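> Sequence:
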Amino acid sequence: MAMSAAQQGATAAAAKPLRDFRGGESTTLALARAYDSLGINRDSVKDMPFESLVTSMQSPALLQAAKALLYRLETRLVASASSPVDDIEHLLKHLVASPPRRKAPPRSSSCQGTAKRSSSATSPGTATAGGSARYSPRVVLSAYMIVAHPSAVLSGQGEGEKELKELAVIFVKELELLIKAILEGPAPAGGQSATFSARLAGFDKAWCAYLYGFVAWKVKDARVLEGDLVRAACKLEVSMMQACKVDGELTHDMMAIREQVAGDQALLRGKVRQLSGAAGVERMEAALSDARSEFLEARKTGGPAAAPVVVANVSTPLNVDSPPSAAAAAGSASSPAKQVTKENEKLVNDMLHHGIGDDLFGAMTTDTTAEKDLEKRVREQMVNAFWDIVTESITGDNPDYSLLVRLVGEVRDFLQELSPKQLKLKEEIADKIDIEILSQVLGSGSQEQNAQYLGQILQYSLDTVRKLSAAAKEDEMKRSHEKLLTELADASSDVASGGSGVRSFAIAVSKGLRFVVEEIRELRAEVNKVRIEMAAQPILRGSAGVEYLQKAFADRYGPPANASASSLPLTLQFVSASKSVVEQQWREHSEALSSLPSSGRAPGIVPVVLRAGHGAPVGQSSSSPEAASGDSGQPECNGDRLDKIVRIGLLQLISSMEELQTQSTPETFHLNLQRLKAVQCQFKRVIGIATSMLILRQVLMAESPKPTPAQLENAITELFDALVKTLGSAPDAGAQQVVEAMIRASAAVGSPSEEKVQARRQVMGRVFVKSVQPGDTVFKMVYRAVHCAFRGVVLGGGGANGRKLADAALRRVGAARLADTVVKAAEVVIRVATVSEKVHGPWYNALI
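Residue 582 in UniProt numbering sits at position 582 of the sequence shown, and the numbers go up by one each step.
These are calculated hints, taken from the structure and not from any lab test.
Take these hints with a grain of salt, some might be off.
Claimed, not checked - Below, computed lysine to aspartate or glutamate pairings styled on DMTMM-like, alpha-carbon distance capped at 25 Å:
id, residue 1, residue 2
1, 770, 163
2, 426, 436
3, 677, 163
4, 725, 667
It should be emphasised that the depicted structure is a prediction, and the values quoted were computed from it without experimental measurement.
Start from the sequences, fold in the hints, and give me the full structure.
Shown next, in the form of structure tokens:
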């Protein structure tokens, strides 16, 4: 049937968007093909190591292809939208690195043609004063990094980070669907333009949501980083004011310190400017001004800020590590006394949780927070910068040896400090490291003499450090010392032969001196460890530690007599929630304890959902040297009401699927939040490993022919070992890594073909994802078993009874191998409970 002129016109009008879309003047198809050819998609990025992915995302080819395509999509969005697009200019302002863009043309019929013509006439990324590009290539590509490696990209595991990850997944999906629509073209039936417009609108909607989450996270992260950088600058300021005279004549060394601190602060100021602009710099200057004022005021009144501080003095690398209280005095210019008190509370709390035989020092110095990580990186950068200054100062036609002489003097002083009872050795150190002779030798101008004398000092210093160190480290230290001295000798030979080795000699001297300094720091840390453990004995054996924490808690929250919903709201909620379940939990625990066989062997109970021959064999054992030895471990609950409430309440906290946060944790456990979060992580990890082993057993037993018992147990053992290793190094490992571990563990069962491996992968992946959902039957069963295992140890103690209960509960889901992991984690809960009962018992009793 012939079409009328009107019909032909309508058809042509409908076909025009398709022609433009598939390769007309706009070349949208060509841009999409160019981007797609680079191979960045959801599947490919998940298989790439993080470092490789970062390198790929920084590729100029990828950035240019993404930039061109995204600019074209923005143009087509404006041209095809039936209503004004969402205004996100307020969000784009936060993307400093985003390229500027042309102001989007207003949406009206009279300007649509202009928009289309300008899209081809103007290159991507060109701009006027209209603002930022709607789609930032770097932020778009960041979505792939968040999807593939969320733990490496996002700092923290809060709700904001979780939401951003979900939004990134949705956005990447919409982007790839849009690219697919461009490459494959709209459906051949009617409505082509509407189909593409709808897909483009969906992409833009997902972008707006993702951008909002990204900016919210970026702003939050920037504020945290800004605070860390400002605190680092204040530390430098306070340390400098303590090391240098505020009034009076400055020595050459003091001037060098001031210049160095000014340079370091300039670097920090530049980073703050990048993060927060001029407003951030103003806040930093205000904080520095406050730090100076408080220091001067404290010095007048003899307050804590004026006390000697040996921390963050960049001109003295030996002093970087210092006692927590000293670090706090320099680190919090706004409230030094409160900060010192808080650090001391943490110190005493750690002492009460770690006995003399435990790694007390390691427990006190280990901190994985983002703030501490940043502080560590900043400190490393400052130390590296300092040693660069040392190297440069002794290089050139007019070398300045004053800083080098000062450092050698500090090495001498600290070696003498580390040998307080060895008077003969102290005299020998003073004789061998003579600063006056060193100054004269360095002033003679002979590089050969300089090299010889400095080499003697370094060799003697290293020998002395080795004498003072533990005998077990002597061989290792000797090898490293000999290697260093060989490098220094080579550099000295180059100088003596008249070669161009002046700079290499300076580098070798700086490297050698830095090596000595770091060796002394390690030795001082070992000495401090012994001193702290000796000082801890009265606190651990008496009541001083408990009384100190009680006083600090009362100062913060009021005395026990005033304990109420207003002073301790979270603790009251904790007590009330625990009281509502304590009797039921205690009754179930008592029944489980009474049903244990006298031999200590838990019966091989097959769970109901696995009674098709897929249960764990009775012979599976979780015995370990600890269990076999009958080690008593942490004490069991004796039935005291307060003890039951605190232990069961803590069990409820760590078994929650919601991550513990400061704002939801009882006030009595704020000092132990990191411990409880670590146990909660172990609780979830045990559930994941137990579920994986259960699924692997189920899938393999459902195959024909069935594996032999030996094959099955070998596969389960291999999976267990792999998951313990994987989840230990990457706690946020996703379902894909777990499923691949199951596939590798099952590879030796039945010599499967590639088709069978793929079938296993699909089944295991589908079942695993389903089984870790809170409402799933398998999840409920595994959760119940793990909860009972933890409860068995928390209430039954770390001795024989607790281990038997944990073994019996885990055996129900074929996870008895995890019993030792459960015991170790649950014993931390017992420690926290017993210490808290001693410290906070009066407050608990008042609330009960």
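> Please go over all the hints and tell whether each is borne out by the structure.
Hint by hint, here is what the structure shows:
Restraint check for residue 770 and residue 163: the C-alpha separation of about 21 Å stays at or below 25 Å, so the hint holds. In summary, the hint linking residue 426 to residue 436 is supported, as the alpha carbons are separated by about 17 Å, within the 25 Å threshold. A distance of roughly 20 Å separates the Cα atoms of residue 677 and residue 163; the hinted pair therefore holds under the 25 Å criterion. Using a Cα cut-off of 25 Å, the hinted pair residue 725 and residue 667 is violated, with the two alpha carbons roughly 34 Å apart.
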